[in-house]
Each structure stands twice: as C-alpha cells, then as structure tokens.
Amino acid sequence: MSIVSLMTDFGLKDGNVGVMKGVIWGICPEAQIADLSHLIAPQNIREAALILLRSAPYFPDGTVHMVVVDPGVGTARRPMAARLGAQYYVGPDNGTITMLLERVEQEGWKTEFVHLDKPECWLPDVNHVFHGRDIFAPVAAHLARGVPLCELGAPITDPLRLDLPKPERTPDGWLGEVIHIDHFGNLASNIRIEHLGESLDNKAHISVKLRDAEMRGLVNTFGERPAGELVALLGSTGNLIVSLVNGSAAARLNAKVGDPFEAILP
Amino acid sequence: MSIVSLMTDFGLKDGNVGVMKGVIWGICPEAQIADLSHLIAPQNIREAALILLRSAPYFPDGTVHMVVVDPGVGTARRPMAARLGAQYYVGPDNGTITMLLERVEQEGWKTEFVHLDKPECWLPDVNHVFHGRDIFAPVAAHLARGVPLCELGAPITDPLRLDLPKPERTPDGWLGEVIHIDHFGNLASNIRIEHLGESLDNKAHISVKLRDAEMRGLVNTFGERPAGELVALLGSTGNLIVSLVNGSAAARLNAKVGDPFEAILP
Amino acid sequence: MSIVSLMTDFGLKDGNVGVMKGVIWGICPEAQIADLSHLIAPQNIREAALILLRSAPYFPDGTVHMVVVDPGVGTARRPMAARLGAQYYVGPDNGTITMLLERVEQEGWKTEFVHLDKPECWLPDVNHVFHGRDIFAPVAAHLARGVPLCELGAPITDPLRLDLPKPERTPDGWLGEVIHIDHFGNLASNIRIEHLGESLDNKAHISVKLRDAEMRGLVNTFGERPAGELVALLGSTGNLIVSLVNGSAAARLNAKVGDPFEAILP
Chain G
40 MSIVSLMTDF
50 GLKDGNVGVM
60 KGVIWGICPE
70 AQIADLSHLI
80 APQNIREAAL
90 ILLRSAPYFP
100 DGTVHMVVVD
110 PGVGTARRPM
120 AARLGAQYYV
130 GPDNGTITML
140 LERVEQEGWK
150 TEFVHLDKPE
160 CWLPDVNHVF
170 HGRDIFAPVA
180 AHLARGVPLC
190 ELGAPITDPL
200 RLDLPKPERT
210 PDGWLGEVIH
220 IDHFGNLASN
230 IRIEHLGESL
240 DNKAHISVKL
250 RDAEMRGLVN
260 TFGERPAGEL
270 VALLGSTGNL
280 IVSLVNGSAA
290 ARLNAKVGDP
300 FEAILP
Chain R
40 MSIVSLMTDF
50 GLKDGNVGVM
60 KGVIWGICPE
70 AQIADLSHLI
80 APQNIREAAL
90 ILLRSAPYFP
100 DGTVHMVVVD
110 PGVGTARRPM
120 AARLGAQYYV
130 GPDNGTITML
140 LERVEQEGWK
150 TEFVHLDKPE
160 CWLPDVNHVF
170 HGRDIFAPVA
180 AHLARGVPLC
190 ELGAPITDPL
200 RLDLPKPERT
210 PDGWLGEVIH
220 IDHFGNLASN
230 IRIEHLGESL
240 DNKAHISVKL
250 RDAEMRGLVN
260 TFGERPAGEL
270 VALLGSTGNL
280 IVSLVNGSAA
290 ARLNAKVGDP
300 FEAILP
Chain P
40 MSIVSLMTDF
50 GLKDGNVGVM
60 KGVIWGICPE
70 AQIADLSHLI
80 APQNIREAAL
90 ILLRSAPYFP
100 DGTVHMVVVD
110 PGVGTARRPM
120 AARLGAQYYV
130 GPDNGTITML
140 LERVEQEGWK
150 TEFVHLDKPE
160 CWLPDVNHVF
170 HGRDIFAPVA
180 AHLARGVPLC
190 ELGAPITDPL
200 RLDLPKPERT
210 PDGWLGEVIH
220 IDHFGNLASN
230 IRIEHLGESL
240 DNKAHISVKL
250 RDAEMRGLVN
260 TFGERPAGEL
270 VALLGSTGNL
280 IVSLVNGSAA
290 ARLNAKVGDP
300 FEAILP
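Protein chains in written order, with the working numbering: chain G, 40 to 305; chain R, 40 to 305; chain P, 40 to 305.
Hints were generated in silico from the structure; no laboratory data involved.
Where is the CB? At the ideal position from N, CA and C, for every residue including glycine.
Any given hint could be a false lead.
Unchecked claim - Below, in silico cross-link-like pairs of lysine-lysine (DSSO-like), each with a Cα-Cα straight-line distance of 30 Å or less:
#, chain 1, residue 1, chain 2, residue 2
1, P, K295, R, K248
2, P, K52, R, K295
3, P, K248, P, K157
4, R, K205, P, K205
5, G, K295, G, K248
6, P, K205, R, K52
7, G, K205, G, K157
8, R, K242, R, K295
9, G, K52, G, K295
10, P, K52, G, K52
11, G, K52, P, K205
12, R, K242, G, K52
13, G, K157, G, K242
14, R, K52, G, K295
15, G, K242, G, K205
16, P, K242, P, K205
17, P, K295, G, K52
18, R, K248, G, K52
19, R, K157, G, K242
20, R, K248, R, K205
21, R, K157, G, K205
22, P, K205, G, K295
23, R, K52, P, K295
24, R, K242, P, K157
25, P, K242, G, K157
26, P, K242, P, K157
27, G, K205, G, K295
28, R, K295, G, K248
29, G, K52, P, K248
30, R, K295, R, K248
31, P, K295, P, K52
As the list claims (entries may be wrong) - So the derived list for chain R, only partly shown, Cβ under 8 Å to chain G, looks like this:
#, residue
32, K52
33, Q82
34, V165
35, N166
36, C189
37, A193
Only chain G is shown next, with the shape it has when bound in the complex (with noise of 0.2 Å):
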C-alpha cells in the first residue's frame, strides 16, 4: 500500500489534479492519494515549500510527495524526484524542497537526487506545458509500486535550494516576519520554538509586535481568551503565531506575507 500526497497551485475547477490521480492510477491501481492543496498561490513556490516541510512529518513511511508549482514547466529546470530521508519528493527542481531538505539534513537522514531524464518512465507524449501529468504522475506512481530512485534518471547533487528570509537575533529577543496567512487569517512567522528556548519557561512574559499590535504574553490555544482578543501563541507546527480568537488576524490587522513580526523575550 503507497501513499501519494498531491500539491499543485492548480485550483480545482478544471480536471487538472483528477487527470493526475487517473494517471497514477493507470500505473499504481492500488495508491492511496491525498490531496495537500491545489490552493497553492499560482507560482508561489515558496509558500509550497513551508506547507510540505509542515505536511511531510505526519505522512508515513514511503510516501511520495508529487509538488507541483511549476512556473518554468518546459523550460530548462530539470524535473527531479529525491528521497528524503524515508519519504520521496517528485517535482521541479526549482527550491520546492528547500525547507523540508532542510529538516532532513539536520536530522542526519539520507538524501538522494534524480534528475529525471528517462523518458520511458513518463506518458508517450509530453506536452511542454503540464509536466505535472505527463512526467510527474508517472514517475510518482512508479515510486509508489516500489521502483528504486535510481532507475528513474541520472543521480545529481545540486538540487536548486531558496534563499529564504531567517530571523535575526535583536538586543530583545527576535526579528522575523510573517511567512504564511492559514484559511483562518492566523498570522505565522518564521520565529519558531528554538528561537524562543527556555524563555518558554516563562510565557507570560514573551511579547509580540505585529503591524501596531502588540501581544503580551503567549497563550496555549484560542479559547483561553474572549472572542474578539489577539493571541499570539505557537502554532500547530512550532511557529510563532498571531491569531484572533474566533476571528481573522489577517484581517483586523490587515497583514499580509512579509510583514516584520517581532518576539520580546523576558
């Protein structure tokens, strides 16, 4: 039993992601295919790059992660699979995998890269403008039925990696910014756990600034506070959130990707 999760900026009016479960369904009849998101902000890689590093960890063993925000599909970027650790990646080389690689290459687990150029493993005919079903869904499906890294192209060492925006450290604490807006308008930062160390001991005294907000103190969930109050609090994947509870912070603080989101330590 494989699974493969899908991630597109796709949107899901057209057919175009059904077309991809029809193809690795042709290939691997038996694959188990999550849909992460086809929502993905058209071209936005990196904001697919933060939703699989906070997706990946929770998917078993095996699973094939096919990403698919592709604004060079055509062009010379190389269509790549790569294992991570004990899961695979299938997509463009364009910096999807920055952050989860990342994670992985901190945890010590191994990595390996293709650059997929076998065409036997993808549909007879590809069109220069939908990699995604014509290479992709094939090479996921022939991942998922057990087919090694290896035969599916030559190895490389290279894949493409973003340069993507750190926190810096502050005379009182940390400057970050905001990275993701969730469907709920809760605000996350790049301002993770780690950054905020045995400070946590002390929550009550962190403090957030946020556009002219400020948020005294972390709570642990929503419902701590009335509806209608600014939390700040860590988010479900150990980042440093703004939320409002039973409400939009994206909104009352008209905040969007970018802004400056500054932790106070005690």
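Following the hints, put chains R and P in place on chain G, whose structure we already have.
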C-alpha cells in the same frame, strides 16, 4: 474495508486536511476517506451538525465520521468518540452530534459515548491547537481498524447538545427559519416533511413566505418552472426549501441564515 | 480495482459530493474515486462536456465517469449510462457527452447507450432533486463492480448532442472563440492543433488576435518569455490558448467565454 468521512472548517489551502489523511493511513492503510466538507463556516458547529445529519444516512454501516469544527480546541471541552446506531462519530464534545443523535434516538438505535482520555491512542505529541491531527485522526483510524469504542476512552452519558430552533405551529401552518444556504443559493428551512403531513396530498395549496416573496404551491423539481422563477419544494433531505430556477434564491431575496420562513397549509 | 471519476456543479461546502462517495462505497467498497471538478459553473453543461473530453483520455480502461450537471433533474430528461470506447459515462442525457462522443466516433471506438429505467438498480427512495445520489451513484458503483451496461437499462441510440460552435475558415486562417478560462486565467479557444496543420512547422509566423491584443508567433511554453508578457501557444490538450506569463490573461484582457479568437496562418 472501512470508511472515514472528514468534515472541518479548515479550508483547502493549508494542507491540514491532507495531513490528517496521512495520520489515518499511517494507522489504517486501507481506509477509504471521503471529504464531506472543509468549508464549514469557521467555528460554525450548527452548520456541521446539519451536514452530518444529512450525510450520515448515505454511508455504510461502520463508517467513522470525524468532524473537527472546534473553537474550544485545547480547553476543557472533552474530546469524544460516539457510536450512533451502526456508525461512529469522532470529534469534540461540543454539540456537533446534536441533530444526528436526535434522529438516532427517534429510531431507537443504540448509542454509546466515550471521553477520549487515553493518550496512548493518540500521536505521541499533542499540540494544543490541532487535536484533529493529534487526537481525532488517530482515534478515527483505530475505529476504522476495528478497535472497540470502549478501548478508546471512559464511558460518558451526557454529550453536549445544542439548543436548536424548532419551527412553531401557527394558526395557518408553521413558522420556522432559514437554517442553511447551499452552493446554488437554495434556502433550506427547519420545516420538514414531517411537519407538512397530510397537506402534502394537496401540494398546490401550500404556500411559502420568505422575505418579501410568496411562493404558491410546492413543485416537485426545479425544471417544472421557467428559469428565473422562485419556487418552493421539498429538498433532497426532506426540508422545505426555496430555490430560484437556474439561479440563486439567496442572492435574489438577499436572504440569510436565521430569516423567518413560513409555511401556510391548506 | 475500478476507478470512478466525479464531476458536478455542486461546490464543495454542502457535503453532497461526500454523500455520493458513501453511496458508491456502500455498493463497491474497493472503488478508487477521483474528483474531476465540483466547481463547474452552475448548470453549465458545455463546460462539463469540455472537461470530460480533456480528462477521459488519461484514465485507465474501465473508468466510470459520473457527471452530474443537471438543470433538468427530475423532469423528462433521461438518466443515462453509456459505453464510450473502453470507458463509461453515467449522468443525465443532456449533452454532457457530446464532445467526448465525437472523439470516440472519430476513433471508430464502440459506443453503447442505455436509458436508466430500472429502479431496482437505484437507492430505494429517489428524490426529485438529487439523482446524483439516488440514481447515478448507485449505477456508477454497479458498473465499477462489473455489472454489464445492458443490465442497467434499455438500449437507446439517440443520446442528446449539444450544438457546439466550431471555428470557421477565413481567408487568413481560422475564426474561433474562447471556450474556457482556467484557474490561472489562461484563455482556451476551440481552434485546435488539427486546424493549424502544417502551419505548425512555422510557428513563429502564426499570429493570434484576441480582444485588442495580437500575439505574434507561438511559443512552446510560458517560461520562454518574461513575466507579464502575453503569449499564444498550444495548451496541454491541443487547443490554441492565450496566456499571460505568471499572470492572468483573462484579467489583463478582460476576456470571457464566447469572445472571438482568431488565428492568422502564414
């Protein structure tokens, strides 16, 4: 072969639904998973309760319905699993089951409730703000694998019930309210087929009043009338509804959930 | 292992798609079910026909395509199942199959049509406004299980066909129209690779006129030109399209379905 249905207010863009599928398949690899809705209005437990009521009867015995509309996540509200007739519910004990439970009790089917209090049945680390991933998904997967309900928590007998508005008898018929607006803009009321009784033998003489419109006579289906006409009829789950043929009754009437909805019987 | 694809105009918020999966799995528990689209514009049979044409070729033999875009539900329009080559269609006899049927006939593949007139193959209670759940889902599940088409209804030979606009030959090339706008804002025309013929050997000299823009030369893929430039190219299913690199051509040109779309050949 076990079926799990998922309903949340998580939206579809952030990967959180896919992550829960990864967790479920990690424990129960053969589960068939159906998304019921992930577009429940944020924190709208009542909407989730209605869709659960309408959907459950069409799933096979043994289906596990996991519903996570959970404004109280991480607070004192109990995580719960329940047997409702031949199916299961997993999610917060916050009233989501109210309408389905009422139906199950009317039918005289067996019910059973447990407080999910056994961390050994969950993911090893439980985050305060994502019980869907860390508690409910693992528990749903255990149920799908056949683990008995009683092994997942201590029995309870007082699940929370919402106090839902019921239609009132009037001299002329029934006074209810709009309880749901669907994707097409159809307006569903809480007046049901059971309330209309023998009047249904005389459909042409039932009238419906909503906002400033009056619909005289119930039709059987939309296509009986020309495009652009407002019609009243029994919807697919037995509720009295108002529709605009090939259009949105909600937009035409500027109607919203809670608006008075009146049935005049012959 | 059988595959069922689902396409509807139901949207994703009301649970109706999930309910149909419950019905299908109740009859055929091992079916793999792929959502093609549930965001077809309400009652837009033509859009459903186009997406069915584009998607079906990528699914394995035996796939059952269930399409429910059904403004005539509950009226005299016939419920239908069809064999189209090695695949099946289940849905209303309202023209949804027009484009795929044309293609199948061009290929000389076998076709077969039945009027779904056997209530014993449906759910016990059939609602006037939700044949997707009560008639089409059970029939799709029976086909997925291997029940022969002829056991599901009486043969018919005159499925309804839509009268679809075809591009016209002009002194300079072809005059067609916009037939689809995808999630990215790409504008697809009904002028196809077959119309362009040998002119494709000379792509640099094909021009496209749409709204007030003229695109000179066809590119192979978006990334050949800088972000923000309008380009014309062959889309992933062989239609001539206009795109804005890393943007929405539909928004830039304020274009809509039905707009004239002209190809000037060398």
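Each hint, compared with the structure:
1. P:K295 to R:K248: Given that 30 Å is the threshold and the Cα spacing comes to 37 Å, the pair is violated.
2. P:K52 to R:K295: holds, 16 Å
3. P:K248 to P:K157: At roughly 51 Å apart (the allowed maximum being 30 Å), K157 (chain P) and K248 (chain P) break the hint.
4. R:K205 to P:K205: violated, 55 Å
5. G:K295 to G:K248: holds, 14 Å
6. P:K205 to R:K52: violated, 37 Å
7. G:K205 to G:K157: violated, 37 Å
8. R:K242 to R:K295: holds, 26 Å
9. G:K52 to G:K295: holds, 26 Å
10. P:K52 to G:K52: Holds, because 14 Å separates the two Cα atoms, which is no more than 30 Å.
11. G:K52 to P:K205: With a Cα-Cα distance of about 24 Å, the restraint between K52 (chain G) and K205 (chain P) holds, given a limit of 30 Å.
12. R:K242 to G:K52: violated, 38 Å
13. G:K157 to G:K242: violated, 54 Å
14. R:K52 to G:K295: Between K52 (chain R) and K295 (chain G) the Cα gap is close to 16 Å, so the pair holds against 30 Å.
15. G:K242 to G:K205: Status holds; Cα separation ~22 Å.
16. P:K242 to P:K205: Distance of about 22 Å is within 30 Å: holds.
17. P:K295 to G:K52: holds, 16 Å
18. R:K248 to G:K52: The given pair, whose Cα atoms are some 36 Å apart, is violated under the 30 Å limit.
19. R:K157 to G:K242: Holds, because 27 Å separates the two Cα atoms, which is no more than 30 Å.
20. R:K248 to R:K205: holds, 17 Å
21. R:K157 to G:K205: With a Cα-Cα distance of about 39 Å, the restraint between K157 (chain R) and K205 (chain G) is violated, given a limit of 30 Å.
22. P:K205 to G:K295: Violated. K205 (chain P) to K295 (chain G) sits at ~45 Å, over the 30 Å cutoff.
23. R:K52 to P:K295: The given pair, whose Cα atoms are some 26 Å apart, holds under the 30 Å limit.
24. R:K242 to P:K157: holds, 27 Å
25. P:K242 to G:K157: Measuring from Cα to Cα gives roughly 27 Å; hence the hint holds.
26. P:K242 to P:K157: violated, 54 Å
27. G:K205 to G:K295: holds, 17 Å
28. R:K295 to G:K248: violated, 37 Å
29. G:K52 to P:K248: holds, 26 Å
30. R:K295 to R:K248: Distance ~14 Å between K295 (chain R) and K248 (chain R) Cα, so the pair holds.
31. P:K295 to P:K52: holds, 26 Å
32. K52: Hint on K52 (chain R): holds, closest Cβ of chain G at ~4 Å, below 8 Å.
33. Q82: Cβ of Q82 (chain R) sits 5 Å from chain G, so the hint holds.
34. V165: violated, 10 Å
35. N166: N166 (chain R) check passes; min Cβ-Cβ to chain G is 5 Å, inside 8 Å.
36. C189: Interface hint status for C189 (chain R): violated (27 Å vs cutoff 8 Å).
37. A193: violated, 23 Å
Checked against the numbered hints given earlier, this structure breaks hints 1, 3, 4, 6, 7, 12, 13, 18, 21, 22, 26, 28, 34, 36, 37; the rest are met.
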